[in-house]
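Chemist: When you get a sec, could you build the whole thing from the sequences and use the hints?
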Amino acid sequence: MGRIIAVANQKGGVGKSTTAINLSACLAEKGKKVLAIDIDPQGNTTSGLGVDKNGVENTLYELLLGEADVKKTIVKDVVENLDLIPSNINLSGAEIELINMDDKEYILRKITEKLRRKYDYIIMDCPPSLNMLTINALTAATSVLVPIQCEYYALEGLSQLIHTIDLVKDRLNKKLVMEGVVFTMYDARTNLSLQVVENVKDNLEQNIYKTIIPRNVRLAEAPSYGQPINLYDSRSAGAEAYRLLAEEVINREDK
Numbered sequence: 002m003g004r005i006i007a008v009a010n011q012k013g014g015v016g017k018s019t020t021a022i023n024l025s026a027c028l029a030e031k032g033k034k035v036l037a038i039d040i041d042p043q044g045n046t047t048s049g050l051g052v053d054k055n056g057v058e059n060t061l062y063e064l065l066l067g068e069a070d071v072k073k074t075i076v077k078d079v080v081e082n083l084d085l086i087p088s089n090i091n092l093s094g095a096e097i098e099l100i101n102m103d104d105k106e107y108i109l110r111k112i113t114e115k116l117r118r119k120y121d122y123i124i125m126d127c128p129p130s131l132n133m134l135t136i137n138a139l140t141a142a143t144s145v146l147v148p149i150q151c152e153y154y155a156l157e158g159l160s161q162l163i164h165t166i167d168l169v170k171d172r173l174n175k176k177l178v179m180e181g182v183v184f185t186m187y188d189a190r191t192n193l194s195l196q197v198v199e200n201v202k203d204n205l206e207q208n209i210y211k212t213i214i215p216r217n218v219r220l221a222e223a224p225s226y227g228q229p230i231n232l233y234d235s236r237s238a239g240a241e242a243y244r245l246l247a248e249e250v251i252n253r254e255d256k
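Counting with my numbering, you get residues 2 to 256 for the letters of the sequence shown.
None of these hints come from the bench; they were simulated from the model.
What follows is a list of derived Cβ distance ranges for each label pair:
| no. | residue 1 | residue 2 | range |
| --- | --- | --- | --- |
| 1 | T191 | D171 | 35 to 45 Å |
| 2 | N101 | K175 | 20 to 30 Å |
| 3 | H164 | K202 | 17 to 27 Å |
| 4 | V71 | I97 | 21 to 31 Å |
Computed from a prediction, not measured in an experiment: that's the story for all the values here.
For every residue, glycine included, the Cβ atom is placed at its ideal position computed from N, Cα and C.
Modeler: Listed below in structure tokens is the structure:
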């Protein structure tokens, strides 16, 4: 049975989609069968993997509402070993549509349970808010990976996210665990980045990944070319970092 990892943080601009895209691609590069699910109406993971988000016929929106089945929604081999369930702005309407549905928190879980046997990893890119889509992702997930930007307000909002994770665990998904925190946009030239890392380590009783994702120009460029970093610039610092993160994720499983 595959692991289902929700990449979540209600703050925007912390490298959530970047992490979902590149962790998925680096796991696939290591021969793992991976499915990325774009749960963010902005559709950054979709376009970042080279799929035209406005050109796809079926997206997660149609899948959640039962208007399309899984087979018609999955885009196969966007990268070798990596499939995608795409999203676009239509998904922002799902919030209202889901309100009157029975067991609305479990809709995504019912979908992923059927897919777990086919994949080693299902990586879900959550929206930058604690809404019904995020709750669906946390209810479906086996673990949560939280990207934190190395900046002054890094810890702000994190306690709220951890509180939400605890609530979901208590009421909806007993098996949910905290996969860990990964630091993103680290700038070795500033003392601030180092202080943030130390501060979070001191204040957070959570698993923290050893791998730290650097602030990297090539990493920022890659999405506009519709490629994960390991394809766009295989030797860049960003590619190396996400390969190390993928290795750590795989090793956690062995433990």
